[in-house]
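S.K.: As they're listed, the protein sequences go chains A and B. All residue numbers for the first sequence refer to our numbering, where the first residue is 916 and numbers rise by one. All residue numbers for the second sequence refer to our numbering, where the first residue is 69 and numbers rise by one.
Everything labelled a hint here was simulated from the structure, so no lab data went into it. Among the hints, a few may not be true.
[Stated by the list, open to error] Chain A is nowhere near these chain B residues, computed Cβ spacing over 12 Å in every case: (1) R77; (2) T83; (3) G84; (4) G110; (5) S135; (6) I145; (7) N152.
[As the list claims (entries may be wrong)] Some chain A residues near chain B, calculated using beta-carbon distances under 8 Å: (8) G958; (9) L959; (10) Y965; (11) L966; (12) L1018.
[Unchecked claim] With a straight-line Cα cutoff of 27 Å, these simulated DSS-like cross-link-like pairs (lysine-lysine) come out: (13) B/K85 / B/K133; (14) B/K139 / A/K964; (15) A/K964 / B/K125; (16) B/K85 / B/K137; (17) B/K125 / B/K139; (18) B/K86 / B/K137.
Positions of the beta carbon are idealized from the N, C-alpha and C atoms, including for glycine.
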Amino acid sequence: AQSVTQLDSQVPVFEEAPVELRCNYSSSVSVYLFWYVQYPNQGLQLLLKYLSGSTLVKGINGFEAEFNKSQTSFHLRKPSVHISDTAEYFCAVSVPNFGNEKLTFGTGTRLTIIP
Amino acid sequence: EAQVTQNPRYLITVTGKKLTVTCSQNMNHEYMSWYRQDPGLGLRQIYYSMNVEVTDKGDVPEGYKVSRKEKRNFPLILESPSPNQTSLYFCASSPLTANTNYGYTFGSGTRLTVV
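Construct all of the structure, not just a fragment, from the sequences and the given hints.
M.R.: Shown next, in the form of structure tokens:
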């Protein structure tokens, strides 16, 4: 079965500084990878996804992530954060054509932007 | 607007009183799923459905039931709620993984408190 590890439960960053949120996955087969963002008192919104093709994926709000198969990682980056990026970020993995179509989530990283 | 609609947003109930949380999607997605979100545990899948009349257990199905009589609707039923089912619940829908548009769209969530 696949699993996702988000090592950092909380990440504080100064406004306009760069940020990287780490995500590692475990799977014996090829996977699809996702990052979702959850703003306070809201549902989850898709930031970006990797299904195939280029390993550098660009998403909404200036975020990007790079799929690294050898390191089984899918870290999320943004070169300059804004106060509005304060939220919880979830990495998720699924195994295509495996029956359940299930997304397995990490435990989340709370990003706090310091003015 | 493409969306997943959950109702109610907030619900306080007493132990043992049957309740239903509704979920509806307008994107003609085959796949629908329920998750619960708890602090420190991330999101865990309760039940899922690959299509009409096709449902199966996720990782934490105990105490829950679902049905999929129509493609757009996927209600979550708690026949006899208990305090350990106090949580934030999300419904999600998606095309199947063979579709390049694969990726979950989430509802806004239902915060359930069982006293």
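S.K.: Next, verify each hint and record whether it holds.
M.R.: Verification of the hints:
{"no.": "1", "hint": "R77", "verdict": "9 Å, violated"}
{"no.": "2", "hint": "T83", "verdict": "26 Å, holds"}
{"no.": "3", "hint": "G84", "verdict": "28 Å, holds"}
{"no.": "4", "hint": "G110", "verdict": "4 Å, violated"}
{"no.": "5", "hint": "S135", "verdict": "18 Å, holds"}
{"no.": "6", "hint": "I145", "verdict": "20 Å, holds"}
{"no.": "7", "hint": "N152", "verdict": "19 Å, holds"}
{"no.": "8", "hint": "G958", "verdict": "4 Å, holds"}
{"no.": "9", "hint": "L959", "verdict": "4 Å, holds"}
{"no.": "10", "hint": "Y965", "verdict": "11 Å, violated"}
{"no.": "11", "hint": "L966", "verdict": "7 Å, holds"}
{"no.": "12", "hint": "L1018", "verdict": "6 Å, holds"}
{"no.": "13", "hint": "B/K85 / B/K133", "verdict": "14 Å, holds"}
{"no.": "14", "hint": "B/K139 / A/K964", "verdict": "25 Å, holds"}
{"no.": "15", "hint": "A/K964 / B/K125", "verdict": "25 Å, holds"}
{"no.": "16", "hint": "B/K85 / B/K137", "verdict": "24 Å, holds"}
{"no.": "17", "hint": "B/K125 / B/K139", "verdict": "18 Å, holds"}
{"no.": "18", "hint": "B/K86 / B/K137", "verdict": "20 Å, holds"}
When the structure is compared with the earlier hints, violations turn up for hints 1, 4 and 10 and for no others.
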